[in-house]
Every structure is written in structure tokens, then in C-alpha cells.
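Build the full structure now, drawing on both the sequences and the hints.
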Amino acid sequence: MTKPTARLQTLQNDILELIARGEPLAACMERLCLRAEAVARGVVCSVVTVDEDGLLRPLSSPSLPASYAASLDGAPIGPDVGSCGTAIYRGEAVEVTDIATDPLWEGLTDLVLPLGLRASWSVPIKARDGRVVGAFAFYYRKPGRPRPIERSIVATCVHLCAIAIEHEEVRVHNHRLAYFDTLTNLANRTRFNEAIAAMCAGAPGPLGLMLIDIDNLKVVNDTLGHAAGDALIAEIGGRLSRVLAGCLACRIGGDEFAVLVPACESAGRMRALASAVLAAMSPPVEHDGQSIVSSVTIGGDIAEIGTDSVTLRQNADLALYHAKETRRGGYVRFRRGLRTAMARRLRVRDQVEDALADERIIPYYQPILRLDSGEIVGLEALARMRLGDGRIVTAGDFQEALLDPNLAYRISGRMLAAIAADMAEWQAAGLQFQHVALNVTAADFRKGDLVARIGRAFDKAGVPLRHLVIEITEQVFMGGPRDGVARTMEALRAQGMSVALDDFGTGFASLTHLLDFPIDIIKIDRSFVGAIDSGARSGVIVESLQSMAKRLGMKIIAEGIETEGQARRLGEMGCLLGQGFLYSPPVPAPAIRELLLRLGQREPSASLANSGAAARSAGTGLRSRRFSPMSSLASR
Numbered sequence: 113m114t115k116p117t118a119r120l121q122t123l124q125n126d127i128l129e130l131i132a133r134g135e136p137l138a139a140c141m142e143r144l145c146l147r148a149e150a151v152a153r154g155v156v157c158s159v160v161t162v163d164e165d166g167l168l169r170p171l172s173s174p175s176l177p178a179s180y181a182a183s184l185d186g187a188p189i190g191p192d193v194g195s196c197g198t199a200i201y202r203g204e205a206v207e208v209t210d211i212a213t214d215p216l217w218e219g220l221t222d223l224v225l226p227l228g229l230r231a232s233w234s235v236p237i238k239a240r241d242g243r244v245v246g247a248f249a250f251y252y253r254k255p256g257r258p259r260p261i262e263r264s265i266v267a268t269c270v271h272l273c274a275i276a277i278e279h280e281e282v283r284v285h286n287h288r289l290a291y292f293d294t295l296t297n298l299a300n301r302t303r304f305n306e307a308i309a310a311m312c313a314g315a316p317g318p319l320g321l322m323l324i325d326i327d328n329l330k331v332v333n334d335t336l337g338h339a340a341g342d343a344l345i346a347e348i349g350g351r352l353s354r355v356l357a358g359c360l361a362c363r364i365g366g367d368e369f370a371v372l373v374p375a376c377e378s379a380g381r382m383r384a385l386a387s388a389v390l391a392a393m394s395p396p397v398e399h400d401g402q403s404i405v406s407s408v409t410i411g412g413d414i415a416e417i418g419t420d421s422v423t424l425r426q427n428a429d430l431a432l433y434h435a436k437e438t439r440r441g442g443y444v445r446f447r448r449g450l451r452t453a454m455a456r457r458l459r460v461r462d463q464v465e466d467a468l469a470d471e472r473i474i475p476y477y478q479p480i481l482r483l484d485s486g487e488i489v490g491l492e493a494l495a496r497m498r499l500g501d502g503r504i505v506t507a508g509d510f511q512e513a514l515l516d517p518n519l520a521y522r523i524s525g526r527m528l529a530a531i532a533a534d535m536a537e538w539q540a541a542g543l544q545f546q547h548v549a550l551n552v553t554a555a556d557f558r559k560g561d562l563v564a565r566i567g568r569a570f571d572k573a574g575v576p577l578r579h580l581v582i583e584i585t586e587q588v589f590m591g592g593p594r595d596g597v598a599r600t601m602e603a604l605r606a607q608g609m610s611v612a613l614d615d616f617g618t619g620f621a622s623l624t625h626l627l628d629f630p631i632d633i634i635k636i637d638r639s640f641v642g643a644i645d646s647g648a649r650s651g652v653i654v655e656s657l658q659s660m661a662k663r664l665g666m667k668i669i670a671e672g673i674e675t676e677g678q679a680r681r682l683g684e685m686g687c688l689l690g691q692g693f694l695y696s697p698p699v700p701a702p703a704i705r706e707l708l709l710r711l712g713q714r715e716p717s718a719s720l721a722n723s724g725a726a727a728r729s730a731g732t733g734l735r736s737r738r739f740s741p742m743s744s745l746a747s748r
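Okay, so the sequence shown: first residue is 113 according to our numbering, each after it adds one.
Quick caveat, the hints were computed from the structure, so don't treat them as lab data. Quick reminder that beta carbons are idealized off the backbone N, C-alpha and C, glycines included. Mixed in with the good hints there might be a few duds.
Claimed, not checked - Beta-carbon label-pair distances, calculated as ranges:
hint : residue 1 : residue 2 : range
1    : Arg503    : Gly560    : 33 to 39 angstroms
2    : Glu135    : Ser179    : 22 to 28 angstroms
3    : Ala453    : Arg503    : 21 to 27 angstroms
4    : Ser353    : Asp400    : 19 to 25 angstroms
5    : Asp501    : Gly608    : 51 to 57 angstroms
Now the structure itself:
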């Protein structure tokens with residue numbers, strides 16, 4: 113073996129060992145250039161790569177000044193861009209015997225002639241799949257062509273460059289898979305976990321954390337398909353990247369993002385960033401001819417000195433949870449009181465879980481009466497929880513558990529089964545009742561099986577569905593797509609059920625809901641009824657609602673009647689139906705049996721479903737049937 117050949121073999125072994133050890137690509141290429149220059153004395157080596165946009169990226173030229181590499185960085189390849197740019201463009205070797213006169217270097221000679229370079233030879237570096245990924249070049253200080261030994265050296269170096277560059281591509285690809293989300297190109301959960309731990313341990317200033325949830329992604333997936341959901345996620349990821357410069361934005365779950373804000377000195381900076389994110393979500397996302405509403409909810413916190421990453425994440429998560437309950441589509445920053453509130457929420461949720469398992473979620477019933485006669489025309493079923501010691505607590509005491517969609521869904525299922533069983537028992541006993549109303553939640557609508565669930569419960573009990581009224585609040589409208597909610601409501605009515613809008617007048621868009629959704633009954637909120645004696649405005653509103661409902665073919669039920677004066681005023685306004693503590697608080701099923709025996713309506717034609725029934729005039733002789741407050745029954 114000749115001496116140059118032996119040195120070339122040593123060069124090859126040396127570079128392959130560096131690649132196998134996982135040394136950085138730039139270090140491998142620098143060693144390659146220096147060893148090649150040592151074997152082929154008098155030449156100057158350089159290695160460049162080309163990015164996906166066709167731009168040159170200098171990789172190594174250790175014997176040339178840094179200014180040379182800087183001048184090449186970002187230059188486009190082309191048919192006449194020096195030796196390397198042309199070799200990459202053509203995919204073939206380019207020999208320039210005299211840089212000063214060769215047209216390939218026209219306009220570029222100032223880059224190399226002052227460095228004493230007069231000739232060049234550039235060979236494209238090709239990957240195994242045929243892609244040109246860069247170029248390896250020899251520069252000479254005199255005009256001329258490469259010698260045979262130099263051709264052997266370059267062939268070996270180009271082969272080593274291809275191996276090293278492909279090895280780096282695999283490493284980068286694996287790194288991206290390990291640390292980046294493929295859908296959004298943001299950092300993933302693994303990268304986030306490492307970054308937040310490192311930043312909390314060694315950050316020079318306060319660290320801010322925002323957790324961001326996409327609102328209603330499941331609804332998009334269920335109604336428009338997962339391709340639309342993916343398009344929404346990808347677009348939101350892109351918007352976060354654009355508005356959060358200087359921050360580390362990560363996708364850490366299906367619909368959840370996290371943003372680390374280094375050197376976050378004030379709550380004002382966090383608030384400004386959150387506002388920028390919310391503003392960026394305003395334009396809808398266009399996908400396959402569909403406009404998708406883009407909305408997120410944000411919770412955040414700023415780490416104090418000594419705060420560890422686990423505590424920071426818990427705080428931000430509590431803030432996000434609270435935001436989703438109270439300010440969906442907005443931003444909430446962590447406050448110390450949220451931790452206490454969360455502890456209570458978890459305690460209540462555990463109580464409800466246990467009560468569901470033991471069937472201690474039970475219905476109480478409040479009568480709905482004709483105000484002129486005192487006849488019971490219906491009942492509203494209200495969820496109650498029997499505690500381990502036998503005490504009964506109202507839904508208000510476990511309202512926080514109802515904010516959990518899964519628990520709310522299970523409570524509705526339990527109530528449906530219990531109500532159907534009670535109605536079957538009353539039916540078998542020959543008791544007169546027309547309707548029982550049950551309030552359902554947005555979670556029941558989002559599941560998409562509400563009609564089927566009701567049908568199964570009532571078929572099992574043998575109770576006709578015409579005896580059921582489904583009550584909804586505006587939260588149902590806000591918690592799902594308008595078309596989906598409307599279709600479910602129409603399906604309920606098609607099965608013989610009526611639909612009531614509860615707490616009417618407390619939301620911001622109630623009137624539009626009367627136009628957009630199929631509603632049979634309007635329940636006037638107790639806040640209007642309570643002020644009907646003392647405030648002229650409340651009276652005007654109630655009277656207007658009564659007139660409007662009559663024109664729309666809907667029934668009106670006044671809630672929260674507590675005094676004879678309120679009942680009298682409502683009757684004078686034409687309001688026929690009402691409920692409240694004046695007549696009875698919610699009572700258990702056994703107490704309802706007694707009420708139905710005495711006061712159940714005898715004529716089904718005057719039931720809630722019959723919107724055309726005329727009000728009986730006061731003093732028909734039936735007023736004597738009205739009963740006094742039933743507080744004694746409530747204690748039974």
C-alpha cells in the first residue's frame with residue numbers, strides 16, 4: 113500500500129469512527145476537511161449542504177475565513193452559482209480551471225480571488241435515494257485541474273460526507289419524533305417536561321406557564337370528522353407559533369397546549385400574551401369548505417422563587433380548570449383560593465361518585481299547578497343526594513360535580529331510571545299526573561344518545577314518553593353546535609316529549625333561542641317573579657313574555673312563587689301555570705302520591721302539552737282545592 117493510499121485509508125477509518133460515536137456533523141466535517149488537506153497538500157476543502165428551499169448552507173471550511181462561509185449562507189443554487197451551487201443544481205461534478213475567467217463565477221470572484229484561490233473542483237454529495245444533499249469542493253491556489261490522487265481523495269470524501277449527512281438526517285428525524293409534534297411542528301410533551309424542569313431549576317428570572325385547551329374539539333371531530341379536527345389543531349398550533357415569539361409553545365395532548373414564558377417579570381406580561389393568543393383565534397379555520405370556529409381557554413401562573421415544576425404545572429392546571437368552568441374562551445391566572453376550591457370540588461365529586469354507586473342520587477318533585485284552580489298539571493324532578501347519615505342535600509350542594517361532564521351524564525341516567533320507575537308506580541296506582549319535567553345538561557346533548565337513553569328507560573318502565581318534559585338551559589345551547597342541539601330537540605318532540613327552556617331571561621341570547629330552537633314551554637326565572645310585586649319593570653317583562661309566548665304557541669310557567677300577592681299578579685297578567693314554595697317545596701315520591709290523590713288534574717286536555725287551553729277564570733269554585741305550603745310533607 114502506497115503512503116497516500118494508507119493515509120487515505122486512515123482518514124476514512126477516522127471519520128467513520130467519529131460518525132459511529134455520534135459526534136456532531138460539523139465536527140466530523142471539519143476533521144474530514146483538515147485530514148483531506150493533509151493528504152492532498154496545497155488544496156483547501158469545503159463542504160456545503162442544501163436545504164429544502166434550495167439554499168446553500170455552509171457546513172465546514174476550516175482553512176477559510178468565517179466571512180467566506182457567511183457570504184455563502186442562504187445563497188440559492190442555480191446553473192451559474194460558482195462551483196458548489198452549480199454542481200448541486202446540475203447533480204454532477206463541476207471543474208473550474210480558472211475562476212477569474214470562468215462564467216460560472218461571474219459576479220462572485222470577489223469572494224475567492226482575494227483569498228488567493230484560482231481554481232475549484234466541486235462534486236455533488238448524493239444520498240442513497242439519489243437526492244443531492246450537498247457538495248464537497250477542492251480549491252487550488254493556481255489555475256489547473258485536479259490530479260489523479262486528488263480524484264481518489266475526493267471520491268472517498270464525498271462518500272464519507274454522504275454517510276455523515278444521512279446519519280445526521282436520521283438523527284434529526286428521530287429527534288423530531290422524540291421531541292416534536294408531527295401535526296403542529298411544535299415541541300411535544302417530552303420536550304415540555306424536560307424544558308420546564310430545566311427552566312424551573314436554573315431560570316434567571318420568573319418563569320410563566322400557560323396551559324391552553326381547544327374548546328369543543330370533540331364536537332368538531334364528531335360532526336365534521338377527525339380530518340377537520342386535525343386541521344383545527346394544526347392551525348391553532350401555527351397561530352401560537354406566530355404570536356408567541358420568544359416563548360416555548362408545546363402541544364402536550366390531543367387538545368392541550370403549553371407555553372413556557374421565560375423571564376416573565378409581571379402578571380401584565382402573561383395577560384398580554386394570553387390576550388394576543390385569544391385575539392389570534394378570532395378568524396375561523398377554513399377546511400374543506402367548512403368554517404370552523406376557533407376558540408381556546410387559557411389558565412396560567414408565574415413561578416415564584418423556589419417554585420418547582422410540579423407545583424407550577426398544578427397551579428396552571430387549576431387555573432385552566434377554573435377558566436373552563438367560569439370563563440370558557442378566556443384567560444384565568446392562578447390564585448391561592450383556587451387550590452381550596454379544587455379540594456372542595458374533588459371532595460364533592462367523590463361524594464357524588466359514591467352516591468351514584470349506592471343509588472343515593474334520588475329525585476324530589478315540585479308540583480306545577482294551574483294558578484286559578486290549584487290543580488297539579490305536572491311535576492319537576494330535581495336531583496337530591498342522600499348522605500351516608502340519611503340527610504338529604506339539594507343539587508346546589510353538589511353543583512360543582514355537575515360541572516364534570518361524565519358525572520353530569522351519569523346523574524341524568526340515574527334520574528331517568530328513577531323517574532320512570534316512580535311514574536310507572538303512580539300509573540299502576542291510578543294516580544292522575546300529566547307530566548314530569550327533568551332538566552338535562554349540555555353533556556347529555558354532547559354524547560349524542562339522549563333520545564335513545566330516554567327511550568330505553570321509559571320502555572323498561574312501560575311509561576309513555578308523552579308524560580316527559582325535557583328542560584334545558586342556555587348552557588345547552590352554548591355547549592354544542594346549534595344544528596346538533598336543534599336536531600336532538602326535534603327528535604325528542606317527535607317521540608312525543610315536550611321541551612322547556614328553563615331560567616328564561618337570565619342569559620344573553622334567550623330571544624334568539626326562541627327563534628332558532630323548537631321550544632314548547634318557557635319557564636320565567638324566579639328573579640322576575642320575586643320582583644313582580646315591588647318592581648314595575650319586572651311586571652312589564654313578565655306581561656310581555658306572556659303575550660309573546662301566546663303568539664308563538666308556547667306555554668309559560670312562572671318559577672319561584674312564594675307569596676299570594678305574586679300568584680295574584682301573575683294570574684292578572686294571564687299567566688296560567690306556576691310552581692314555588694307557596695304551594696310546595698320539592699318533596700320525595702311518597703309525598704307526591706298524597707298530593708296527586710288530592711290535587712291531580714282530572715282533565716288531560718288541560719295539560720302542559722295543550723298550548724291552546726284557555727285559562728279558567730278566577731273564582732270557578734275550584735280555588736278551594738288549592739293547598740297550603742307543604743313544608744310538613746318535605747320532612748317526611
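Structure-based check of all given hints:
For Arg503 and Gly560, the Cβ-Cβ distance of about 36 angstroms falls inside the hinted range of 33 to 39 angstroms, so the restraint holds. For the pair Glu135 and Ser179, the supplied restraint of 22 to 28 angstroms holds, since their beta-carbon distance comes to about 26 angstroms. Take Ala453 and Arg503: their Cβ atoms lie about 23 angstroms apart, and the range 21 to 27 angstroms holds. For Ser353 and Asp400, the hinted distance range of 19 to 25 angstroms is satisfied, since their beta carbons lie about 23 angstroms from each other.
At roughly 41 angstroms, the beta-carbon separation of Asp501 and Gly608 lies outside the given 51 to 57 angstroms, and the hint is violated.
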